[in-house]
Amino acid sequence: MGIVKSSGVTSKVIGQERTRHLPEDRFFDPDPTQRRMAMELYESVAHLPIISPHSHVDPRLFADEKTSFGTPADLLIIPDHYVFRMLYSRGIPLEKLGIPRRDGGPIEKDHHKIWQIFVDHFYLFRGTPTGVWLTDELSSVFGVDEKLTGQNAQSIYDQIEAKIKLPEFQPRALFQRFNIEVMCTTDAATDPLTHHQTIRKLGWGGKIRPTFRPDALLHLLTPVWSNHVKALSKTSGITVTSFKQFIRALEERRAFFKSMGAVATDQASETAYTSELSSSELSAIFKRALKGRANAEDAKRFNGHMIMEFARMSIDDGLVMQLHVGSIRDHNDFIYHRFGSNMGADIPCQSEFTHNLRPLLNKYGMDSRFTLILFSLDESTYSRELAPLAGHYPAVILGPPWWFHDSSNGMKRYFDRVIETAGLHNTAGFNDDTRAFPSIPARHDLWRRASANWIAGLVVRGIVDREDAEEMILDMAYRLAKRVYKIP
Amino acid sequence: MGIVKSSGVTSKVIGQERTRHLPEDRFFDPDPTQRRMAMELYESVAHLPIISPHSHVDPRLFADEKTSFGTPADLLIIPDHYVFRMLYSRGIPLEKLGIPRRDGGPIEKDHHKIWQIFVDHFYLFRGTPTGVWLTDELSSVFGVDEKLTGQNAQSIYDQIEAKIKLPEFQPRALFQRFNIEVMCTTDAATDPLTHHQTIRKLGWGGKIRPTFRPDALLHLLTPVWSNHVKALSKTSGITVTSFKQFIRALEERRAFFKSMGAVATDQASETAYTSELSSSELSAIFKRALKGRANAEDAKRFNGHMIMEFARMSIDDGLVMQLHVGSIRDHNDFIYHRFGSNMGADIPCQSEFTHNLRPLLNKYGMDSRFTLILFSLDESTYSRELAPLAGHYPAVILGPPWWFHDSSNGMKRYFDRVIETAGLHNTAGFNDDTRAFPSIPARHDLWRRASANWIAGLVVRGIVDREDAEEMILDMAYRLAKRVYKIP
Amino acid sequence: MGIVKSSGVTSKVIGQERTRHLPEDRFFDPDPTQRRMAMELYESVAHLPIISPHSHVDPRLFADEKTSFGTPADLLIIPDHYVFRMLYSRGIPLEKLGIPRRDGGPIEKDHHKIWQIFVDHFYLFRGTPTGVWLTDELSSVFGVDEKLTGQNAQSIYDQIEAKIKLPEFQPRALFQRFNIEVMCTTDAATDPLTHHQTIRKLGWGGKIRPTFRPDALLHLLTPVWSNHVKALSKTSGITVTSFKQFIRALEERRAFFKSMGAVATDQASETAYTSELSSSELSAIFKRALKGRANAEDAKRFNGHMIMEFARMSIDDGLVMQLHVGSIRDHNDFIYHRFGSNMGADIPCQSEFTHNLRPLLNKYGMDSRFTLILFSLDESTYSRELAPLAGHYPAVILGPPWWFHDSSNGMKRYFDRVIETAGLHNTAGFNDDTRAFPSIPARHDLWRRASANWIAGLVVRGIVDREDAEEMILDMAYRLAKRVYKIP
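Note that the protein sequences, when read in sequence, are chains D, X and G. The first sequence runs 951 to 1438 under our numbering. The second sequence runs 951 to 1438 under our numbering. The third sequence runs 951 to 1438 under our numbering.
Hints may contain errors.
[To be verified] A short, non-exhaustive set of chain X residues, derived as facing chain D with CB atoms under 7 Å:
(1) Thr1078
(2) Glu1096
(3) Gly1100
(4) Ile1278
(5) Pro1298
(6) Glu1329
(7) Phe1354
(8) Ser1357
(9) Asn1359
Bear in mind the hints are in silico, worked out from the structure with no lab data behind them. Ideal Cβ positions, reconstructed from N, Cα and C, are used throughout, including at glycine.
Next up, chain D with everything else stripped away, as it sits in the complex (with noise of 0.2 Å):
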């Protein structure tokens, strides 16, 4: 076969040395007029601020100058589920990926080797997010531009380690340097916050903020549950023995994230099931949770209840909420038991909103005051029931795809399900979602090129005009998550 240069992909072999330079029009659908339209479109947003109004970043990064990136490993693979579960699923222990065990067994110590296995599996990730991800973070962060191969794995590995002890990839350089204008992370709602309360004492407080994250105390039925409410006693200063207390305690730590800077909330559950429970009800169940000796009817009538809560609190503090539907989490018990969770075990599952929201919509969906923001990982309620939801109540939002779908053709079945039904601004532009601290200018990067080649292909239909154009790509590489996440 002869040699063919693809559009802005060069491959030279010469000896073991390989170059790769990312094409400038990456993700781009291939014919040039709607090609230069995207390019001209995402042009004029790819050096715009980030916004990223959800992450699962440690705050303590940005807190404790003492905090390190560590090795490559630890910085690309160990904390990363997206990486590893793909190793995992092809047949390497998480052991030799050198991913803690719960009991303090013996793992993979040597960072090095751990790198070597990655790098001679990166193949696993042709054609994935997670794959387009780093290969663009390596090489617009840490400056790598040579393709990972078995041979070049231990140079490059030694690159990063390098790069990674200089002033200008420490942390909050780093955050300089992307450009991030605000960034939420996600705490439970225990949280004493220190090191926001560090980060707010450095003059950082508007860049990085807290969401209040209650989940731990709605699994009635897990063992540590009582713990968690025990902490919430602590941390809120009110003692809960009963559900009144729970709930005050509750407002009182919403106000305490809202006074650090929270603009949102931020809720996980199974199922989009709600319902509004009697004072009695709750109280007899509350006091069965305590005691132990709540049963599975109990705890998911407790949730949806408290789904209805939280949309009251809401309402009454202002605080966005938002609602991620459909994770079975934890579904491989081997290594939950051995792992512990967020180890690429979690399975969607369908999803159904239309009449599980049905109580909370009816009740609360119509206040001005109130933003819910839903997130789904069952694409098939985007068309059926997300857009057509959004597209009537006026406090539904549409989160971005998530998770699994937060790829090139996740954000293209979005747009593609969801905006003629829900209309652009009943959608609240980009999360990253991230855990991956230098992987957020190479995600924000794909969702506007994603984003410009979608409009680009309705300029080229005639669906919309330039001048509309243009103001879409604004909206959603910078202006929907700003307005809808009420970021000062």
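Given the structure of chain D, go ahead and fit chains X and G onto it with the hints provided.
Showing chains X and G alone in chain D's frame:
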């Protein structure tokens, strides 16, 4: 950013004036080869008469010479829930848009103000089918080629208002100008069809036909059900006090509709559940219902049986049966109580056809006298259930993409998921399904363009040849709808 | 309309004669850059041997020298439910197509007439995969390049009939000409594999392999279940009167299949429900079943347990496990009673994997000896459940798009929804899954073209480079199927 001319769209900004010409090749894919082929296929059918076998246009428009379209707001906003639900979703109360309240409470009466709100928020419709239809309709029906802006809103209002008063903009004149060969309205089973009688006297009987819609008589649990049964007794001349009389009265009404030119019936149902009940069970349920004592299970079983009963009647009298599945009507109680039904608050839900329709199809699906046209709001059923059912059962035909899916992307998804399995000849061409009479040409034009583009995509991929493509576009634009609905 | 030459398709009309040349670049996207890349990738694998790890071809074709393909109707229509169900759906009785009735009732015997009906209705297959396969097969296997028309039907019949009789068109000759490296048939667990024994004696054992299919032994409620159990006793030599003996007999049969070259098993199930039962419960259910007293719940639980049991056996003997989920077989009772199974009346339904497979995957999903290949007819499960499961569990591999989805669009949807999350290496390459032996090259050719086009789309978007693309097309066309099915 430099000035870029997208395909056919020019956007000139001179002072406050803007002109917008709809691109001739709108909705076509950008590849030049495909686009050229799409244009040729489209041009071969662009001027064919419109077959509109399922609409919700008010027949009074054509029966009563004094009926006028009213103001521009009466024409384009107040009756069109596609339009006002989007404005409502962004926080504009329906009262401000002049939507009549059930209680006669205060609403905006100044249609200039309503129009201004609409135009000020027209950006919400970017990338939506409503935006596309309105732009096309304003241009091709009313000659408004300027882009709507806050500044020109009132002068455009005046232009449209002046046009509406002209003789050539009266409903019958537009019907001729639109080149509509036949339009079927949707009429309650108890409707005396007074307007249709007038239309027939005017000699327009073959052009505007009623459709038999029994829905109100099937919802046992609504408080007004017994009123509808009384109305059925009155219009049929059969006093309905038993299930047998109920059936006889329905048959009588169908015969009357048929004598008035009806070719089809239309039913909506939350689910496709069918099940045949014994006559004793039916008698018992019907008696309970007359006494106001029917329960939810009764209602479900009764509806499931009646779908089968109507299939039996269709075999007897030859009326084509339409079944629309999957909309949860009046999801928002507040809006329903204040404004009533059809207020943009109908939300789709998951649907199931394979199990639910089995009783009906096993009994009637092989009968050559029977045509059952299925419509779904759950696109996941297209390739999974509907196309395989239509590709097997002689009686089953798939209706076009419905409601939220009657859009450029919705049509593309439908073609891509349905035709490979069902084949084109198990589909029913296009329905506009609209209350908005002046939008009919824009809707059929979108379908013809989307069809031409899809077929062109098959040709450039070598899947069909040019000769087949020419047959296919004729089928999609005209012949299928006429054949499937048995229009003489 | 002027004459237009589409890419590679020429349609000449000279008198009644038409010639149709399949375009060299068929199934590729029209953008010239992508198309060029797709062509180069395709050409690099077009002539690789075919790996067919899952087919329904009758092994008798290769064992019995006297077996012939029969007439053109015997070859292309009567055994192919993809073909005749489409004709049936448009009102042609199966009797007229020569489909044998169970009761031996009258059917059309004149194969010229059957052929004429088929050709007269060939327009029904426009845009369908069956249309594409047949056109390719007629051209590349039988040298028929004319487009089928009512006029040339009989002369083409004669051409094909003459070819079928030639030595070079006998099954073994075609097998060689098709360049099939290995083909796995599907064989009942109780099958003595007589034909496979002959094939092995002929020295073809490595090329044509059996697959162990236990389905008939798992459906407790069918009246013939006990006959199948008796057949199992007979072929295994183990008298089955208890569940333990049932398991031992199955293990014995698997060992025999393996000795005959089998590399895999195959199971179909309406749902993916799995659940492990106690041995006492199993004994009780099995006894009830032997007495003809098992109920629906027994049947469901037994099937759910047996899926787990077969996983356990696969770990023991190394046979790859295939699970096909979601088809409601014999949906049309009339057709089933008159003609039997596999009559084009199997209709898919909604499927669920996340909850249903959890017991199985928690027990066996981490075992490196185990390979479970999943097939689904519910495309909404691709991105929601299947790709995340395959992207986590080491044992889980996704089979290619199945049945109705084994088409140009079906493959595109599969690639777009599966690979980003699962990665290419958690998929199984291609299966043709066909009864129609002469269609095998056309089916693999479509897959290779669709794969090349999809990869080319990644290259032109800068998602993978040329070097990776060349590896990926080799994987998809050849290597993955061979590796996943453990073909020596």
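> So which of those numbered hints doesn't the model satisfy?
Replying inline: 2 and 3
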